[in-house]
Amino acid sequence: MPRILGVDIPAEKPIGVSLRYLYGIGPATARTILKHAEVNPQVRAKSLSEDELSRIAAIIDREYTVEGQLRRQIQQNIARLRDIGCYRGTRHRRGLPVRGQRTRTNARTRKGPRKTVAGKKGVKELRR
Amino acid sequence: MGRSLKKGPYVDAKLYRKVQLAVERGSHEIIRTWARRCTIVPEFVGRSFEVHNGNKFLKVYVTEDMVGHKLGEFALTRTFRGHSGRKAAAAAAAPAT
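Protein chains in written order, with this note's numbering: chain Y, 1 to 128; chain P, 1001 to 1097.
Hints were generated in silico from the structure; no laboratory data involved. All values derive from a computational prediction rather than experimental measurement. The reader is advised that the hints may include incorrect statements.
[What the hints assert, rightly or not] If you only want the chain P side, here are some residues facing chain Y, beta carbon under 10 Å, derived:
(1) Asn-1055
(2) Val-1060
(3) Thr-1063
(4) Phe-1074
Glycine residues also receive a C-beta, built at the ideal position from the N, C-alpha and C atoms.
Make a model of the complete structure from these sequences and hints.
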């Protein structure tokens, strides 16, 4: 299994796909990286030469923030919003949607599983 | 959608003038404003504002991290005291007394 930038070991898949196993690299980024490195994205990751791998790694290292560093950056951005006490910060703190979505219904990704309140309208009907 | 870069950030002209005046005079008076939509520019850092939230003025002390946000982001317009129900009602009654 080839390694790119230390820990990550993409697999038996075409390099264009296996690059996406790195956090912070999606389809579009993978494509531009491989174009830049002049590597055919259809080639399986296992059959890449040392040289090709190092070229890819060099480009990612130079031009992109990935993995832990990217995660840290995102966390920092959120922490900043929390600290300055702005509206978006409070939404993050409360675990509610940040970008003005409705919360009357839906918003389950942010709010997590439903917490049913007894005695509220509709609960009885649900049980029947 | 974001604002066109060509235009630059929106800064309320009147408020900006007031801030400049305060800087010149070296006064650290709190500036009352309704201009929630005004972007915070570096000149505002270290000054206090009172931003209207539709009901009253909320004190906002501008720090460096706030640059680029709008004043209104720091003066919340909604009060959410929790949902109705036994638990929430008890909690609401306690701090009120």
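P/Phe-1074 as chain Y interface residue, shortest Cβ-Cβ below 10 Å: 6 Å, holds
Agreement of hint P/Thr-1063 with chain Y interface, Cβ distance less than 10 Å: Where the cut-off is 10 Å and the nearest Cβ of chain Y is about 7 Å from P/Thr-1063, the hint holds.
Interface hint outcome for P/Val-1060 [beta carbon to chain Y under 10 Å]: Hint on P/Val-1060: holds, closest Cβ of chain Y at ~9 Å, below 10 Å.
When the least beta-carbon distance from P/Asn-1055 to chain Y is tested against 10 Å, hint result: P/Asn-1055 check fails; min Cβ-Cβ to chain Y is 16 Å, beyond 10 Å.
Checked against the numbered hints given earlier, this structure breaks only hint 1.
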